[in-house]
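S.K.: Just so you know, the protein sequences line up as chains R and G, in that order. Residue numbers are given in numbering that gives the first Met the number 0: position 253 of the first sequence equals residue 252, and the series is strictly consecutive. Residue numbers are given in numbering that gives the first Met the number 0: position 766 of the second sequence equals residue 765, and the series is strictly consecutive.
Keep in mind that the hints were calculated from the coordinates and are not lab data. Careful, some of the hints might be misleading.
[Claimed, not checked] Between beta-carbon pairs, the in silico distance windows are:
id, chain 1, residue 1, chain 2, residue 2, range
1, G, 385, R, 90, 27 to 35 Å
2, G, 387, R, 267, 26 to 34 Å
3, G, 753, R, 266, 56 to 64 Å
4, G, 648, R, 111, 47 to 55 Å
5, G, 818, R, 111, 51 to 59 Å
6, G, 648, R, 140, 36 to 44 Å
7, G, 504, R, 90, 49 to 57 Å
8, R, 353, G, 385, 28 to 36 Å
9, G, 770, R, 40, 32 to 40 Å
10, R, 266, G, 385, 47 to 55 Å
11, G, 385, R, 372, 32 to 40 Å
12, R, 140, G, 861, 28 to 36 Å
[Claimed, not checked] As a list, the in silico DSBU-like pairs of lysine-lysine whose alpha-carbon atoms are at most 30 Å apart:
id, chain 1, residue 1, chain 2, residue 2
13, G, 853, R, 88
14, R, 88, R, 39
15, G, 99, G, 195
16, G, 661, G, 328
17, R, 285, G, 509
18, G, 865, R, 88
[Said to hold, decoys possible] Only part of the chain G face toward chain R is listed, based on derived beta-carbon distances under 10 Å:
id, residue
19, 484
20, 486
21, 577
22, 688
23, 790
24, 794
25, 799
26, 803
27, 804
28, 806
29, 813
30, 817
31, 821
32, 862
33, 867
Treat the numbers as computed from the prediction; the structure is a model and nothing was measured. Even glycine gets a Cβ: it sits at the ideal position worked out from N, Cα and C.
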Amino acid sequence: MVADSSNNELDYKMLIINLGTMKRILIYIILFFNIINGCKEPYDFNVENESTNLVIESMISNKSYLDTKAYPSDGRYFTVKLSLTNSVKNTRPAKVNNAEVRLEMSDSSYLEYTPSGQEDGLFYLEHDNFKAKAGIGYRLKVIYDEVEYTSSWQYLPKYVSDDHIDTVSFDEVEKDIIPAGSLDNEIVSVNGIMVKASMGNNTVNNEVSYYRWKFQAMWVFKAAMVGPEDPNKVCWVTDKNYLNGYVMGKGAGASHEENLFFVQTHDNEKIYYDYSVLIIQEHLNKPTYDFWLEMQQSIDDGLIPSAQPYNLPTNFSSKLPVNGFFSVVGESAYRWYFKKSQLSYYVEDDLRYNCIYYKDLGPYAETCLSCLAYSGSPTTRKPSWWKPN
Amino acid sequence: MYSIKITLLGSFVFILSSSYAQDLKSVFIDKDANGKVLSELLYNLEDDYNIDFIFNEEMIMPYTVQEVNGRIRIVDYLEYYLVLYKVLTYGDHVAVIVPKSESPGFVKEGVNLYVVSNESFIGNLVDGSNSQSVIGAQVYLNKDSNTGTLTGADGSFEVDNLSSTYNIVNVKYVGYEGLSLVIAQSKVYGQNEEIKIEIFPESKELEGVVISARKEDANFQSKITGIESMGIETLKTLPTFLGEVDPIRGITTLPGVSTTGELSSGFNVRGGEIGQNLIMQDQAIMYNPSHMFGFFSGFNPDMVSDIALYKGGGPANLGGRLSSILDVKLKNGSLDHYAISGGIGLISSRLNVEGPIGSKVSFMVGGRLSYSNWLLHANDDIQLKQSSANFNDITAKLLYNISKKDIVSLTAYRSYDDFKLASDSTFSWESQNLAINWDHNFNDRLASNFSLSYSSYLSEVNNPSPVDGFSYYNGINDVKLGYAADWEQNQDVTYKVGLEFLYNDIEPGKLETHGEQVSIEPSNMHNQYSLESAFFAQGDWSISEEFSIVAGIRYSHFSRLGKDVIYDFDYDRIESRYPTIQDSTLYDSGEKIISYHGWEPRISLRYLMNSSSSWKLSYYRSYQYLHLVSNTTATTPQDYWINSGPSLKPERGDQFSVGFFKNFDTNNYELSAEVFYKTTKNAIDYIDGADLTLNPSLEEGMARGEAKAYGLEMMIKKKSGKINGWISYTYSRSKRKFNDDSRGEQYVINNGDYYPSAYDQPHNASLVLNYRTGLRGVLSLNFNYSTGRPITIPISKFSYDGYLAVLNYSNRNEYRIPDYHRLDLSYTLKDRKYKGRKVTGEWVFSLYNLYGRKNAYSITFDQYGKATKTSILGSIFPSISYNFKI
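Build out the structure end to end from the sequences listed, making use of the hints.
M.R.: Here is the structure:
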């Protein structure tokens, strides 16, 4: 073949021009079309053959009502909650009141639960001193709509008498969060504390022990724009939607620390005054641990595809489908108090400033004038056991 | 696919001309020659001067020498006197006299004029524009078109029975300019070396042509069913996503092959799982054939020669996977000249360089690099703004033509991907391959291939946080050794025998922590080691013109080896879903833990009904000893492999198929209809709530049962013309059943009834249409449809403890996501081609997802059971790229 140098030069020039042209075209196309228009949108499945299951929520432990008052706390009776499953499109589950609920023991004795009368679906075991004992089997029996639902026999886990939380402390940390109510899911970095518990050497024979930690928080809230003599100035607040999750863990042998929960410091009025969390430790047997762990893991919403979905296990048997898991746990608790003065840095109480700043031309916001307007369950009655450091 | 063509590369000695010969140009005649019979004059001159005149004696006989008026060169006289003839000189001593009516218009020594020393003409046909071998071209005698041959896989050919004088030999290949050769025979001055012949693409309007190494009638002639092959030129005509040619996406337009949609790093064949496909590139195993979760191919399209997919076991030399074998072959670098090619795309670019090293060695190196982050950062979504995605790969091949009998090639490949989604964790995965192939020809009927390859795949999730950072790895390494020999007993009978060994070293999962306050414990699953070996033998018999049989047997053996710890489980003590460990056994390094073996018969029958149609019947059995574990409903690069073991038996697949194949209109149309039925024993699925990550008891999270798949695949294809393409439709079902409760009730799925597998897509259709708009443009259209994949959905919810909604799910795979369909359009505009042009290129404009359908990649449910459909590509997706070659 005869090489034509002039054509070669033209070829290379055209290559360069083509590249430049393409770059311009690319920019125009990209601006015109909204690229990577991947999207998420709601989708409706037509569910066939919907059925309704009974849901039984129940637990007993080795701490009686009177034992729990000594944590200190307001005290807790053992309860059973009954409800029905409902369609994923409905929001409110139906509660069940007309059922017989009984706790049977392996020594052939039993105790009856009584309906609460104040809350639908709630049944109490109103015995101040009753608590689970080692070596005795317990099972729950529910009769609803002429159908019997019976749990398998459950026992206290081994070595629960060794369980305790030695100390609770915290580390000052920074954490990336998406602020509640954020419209654009922007991640921000906030200061806070990671609360951790130190467990003593609580196992024998190096067997693995399984735990679940739950939290009951209470804090002081003060209405910023009224004086100290106002009866609605100071409230003690609880909120069932705050710290309502749980932490799972397991340990064997040596003592160890467990990170429990994070509390934001700046811009968090919960810690402006006194803040307290009752940390409840449940020592579980493995099936119960797996049940709670699977419940936690069953909630997943991410870009990476999820694992095969599955139904939670149940230890109830019946001729109809049933949900729920009856468990007997070893329980202990630690009452932890916190003040913002324990931090190495200053946290400003901006409640008063916010009341004034957002006042506009009208009256103050309700929470500025009465602590009872604060969200959650505020009460002006100070708990008898409230003794912050 | 192609059987290995036996190339006859004899070594011949070029015979030098006699030292007494004189140059033709110095041979004169004078007036004394007048009146002599011309042919006698020429013979006398041959004797006197040791030159050679080649001519048809009968044609020249009537002529006598006249009009010689003075001293004149003989060649000048012949040109003047024989007005009806051309006088072609070859070298200094040969003149060939050819009638003008038979001779090509343009004749030039070394271009289309050759002199050989005997009645065989051996040549090698290459594309003059890129030095690639031209395969399947027709080479035949002009006077007798039945005397000729097709060029082989390396472009070689041999034409026998040449006339002792001159021959006109035509070379014809669609899309190329025809070439006429003048081949003369001279015992003294002829050569016997293989002659390189060049042909060039047509510079006039091209017909739509698929350039592949398949014979035109392979649809009904080939003796084995369930094979789909595609040349890289066909792949390049399909509309692309962001200008990226993807062989995997290409084969999903063929019947029986589907994918789970965008962001799928694999494909499904006849309802089988992704992990049941073996993918090889030049004999080295590829564990992840894609980049960026499946958006882009892991294969460099500029380096791929062709791909072949065996649906089912395939020939006896292939095995190890139940569903398919995908064999990707790379090109060889040019032995003649250097070339640079590449492409610039929206988010990635590639560059390839090839050329000779000396006269016997060629190299080819290609690389790709992505720069997609600007695209992510241009998005409004905050999470994507803070994300990044990168990939790069490099492929290299060295070819060494040691001799006519030995060719050695070395192929190396490395690819890397990483992806970070807003959070601190980075997902990355890396593949490395190295393959050596040695082809040896004992003679023209016996050839062998020796291959040695190494493959490595590693995936990692890395969280660098100083507080709770961790790194999670899994991976697989293997070394494969193979030897196969092909013997052609005669044109009706060929045999193939061979051995194969595969050693696997698997890291099922390892977790390292490096944060100060890590709450998770480090963990390291024991590595798994195994040795797979196989012996195979296959015969290919053409019993008669109509009936042929390919029958083979493969014997495979698997050994799981230490060092490893194997647990013994107590199925009477089930804690939640898993049996408790009651004992464990430590195996030393190399110690055999357990072995499995099996015979894998492979048989294919073909019956030719007539010259254009056939029936084919086949049966394959395969064993699969490695299993891909996926913790998600769609596969990801973090999925990992495990060996069969004491608790996990190998899967065994049996497949039957029967099909009807017909060609129309001189092989321009192909029709195929094939029915298959496939059963799998020891199929695997996961129990509810199976914990498959870093779980030493993970095998106990697997239920064992059976699977079946059946279907009808149909395709009609038009191969050439202004409009060409194909339509394929598949109806198939893929179901599984797990009803063995001997280990516990948790191993029974869906009450032990058959349920659809995750890849059950009853209807699957593809349309590919190419339209040649003119000299250089091709408009391509691709439409895909498939039934929505099965899905398990929440059917009710309840509140429990602090959770407002806990979900109850339907039976596994009881519902379906919406159907998938998509239309793509692309336009390819090639630069003008002319002889001597050094830089050529093409623009590719693509519109992917033309009507902007929001196909469901997945449907996820929030904690309240509300379904959200996620579409990866929710609108039309344009792209433009420019490919060039220097």
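S.K.: A separate judgement is required for each hint: does it hold in the structure or not?
M.R.: Do the hints match the structure? See the list:
1. G:385 x R:90: 27 to 35 Å: holds (33 Å)
2. G:387 x R:267: 26 to 34 Å: For residue 387 of chain G and residue 267 of chain R the Cβ distance comes to about 32 Å; the hint holds.
3. G:753 x R:266: 56 to 64 Å: 57 Å Cβ-Cβ, so the 56 to 64 Å window holds.
4. G:648 x R:111: 47 to 55 Å: holds (52 Å)
5. G:818 x R:111: 51 to 59 Å: holds (55 Å)
6. G:648 x R:140: 36 to 44 Å: For residue 140 of chain R against residue 648 of chain G, whose Cβ atoms are near 43 Å apart, the range 36 to 44 Å holds.
7. G:504 x R:90: 49 to 57 Å: holds (53 Å)
8. R:353 x G:385: 28 to 36 Å: holds (30 Å)
9. G:770 x R:40: 32 to 40 Å: Distance hint for residue 770 of chain G, residue 40 of chain R holds at roughly 35 Å.
10. R:266 x G:385: 47 to 55 Å: About 23 Å separates the Cβ atoms of residue 266 of chain R and residue 385 of chain G, which means 47 to 55 Å is violated.
11. G:385 x R:372: 32 to 40 Å: Cβ of residue 385 of chain G to Cβ of residue 372 of chain R: about 38 Å, so the range 32 to 40 Å holds.
12. R:140 x G:861: 28 to 36 Å: holds (35 Å)
13. G:853 x R:88: Roughly 23 Å between the alpha carbons, so the hint for residue 853 of chain G and residue 88 of chain R holds.
14. R:88 x R:39: Cα-Cα ~18 Å, so holds.
15. G:99 x G:195: holds (25 Å)
16. G:661 x G:328: The given pair, whose Cα atoms are some 27 Å apart, holds under the 30 Å limit.
17. R:285 x G:509: holds (24 Å)
18. G:865 x R:88: Given that 30 Å is the threshold and the Cα spacing comes to 7 Å, the pair holds.
19. 484: At about 41 Å, which exceeds the 10 Å cut-off, the nearest Cβ of chain R leaves the hint on residue 484 of chain G violated.
20. 486: With Cβ-Cβ at 41 Å, over 10 Å, it is violated.
21. 577: Holds: closest Cβ of chain R sits about 9 Å from residue 577 of chain G, inside 10 Å.
22. 688: Holds: closest Cβ of chain R sits about 5 Å from residue 688 of chain G, inside 10 Å.
23. 790: holds (9 Å)
24. 794: Status holds, d = 5 Å.
25. 799: holds (6 Å)
26. 803: holds (9 Å)
27. 804: holds (8 Å)
28. 806: Given a least distance of 7 Å, the restraint on residue 806 of chain G holds.
29. 813: holds (9 Å)
30. 817: holds (8 Å)
31. 821: violated (14 Å)
32. 862: Holds, because the Cβ-Cβ distance from residue 862 of chain G to chain R comes to roughly 4 Å (cut-off 10 Å).
33. 867: With a minimum Cβ separation of about 5 Å from chain R (threshold 10 Å), the hint on residue 867 of chain G holds.
When the structure is compared with the earlier hints, violations turn up for hints 10, 19, 20, 31 and for no others.
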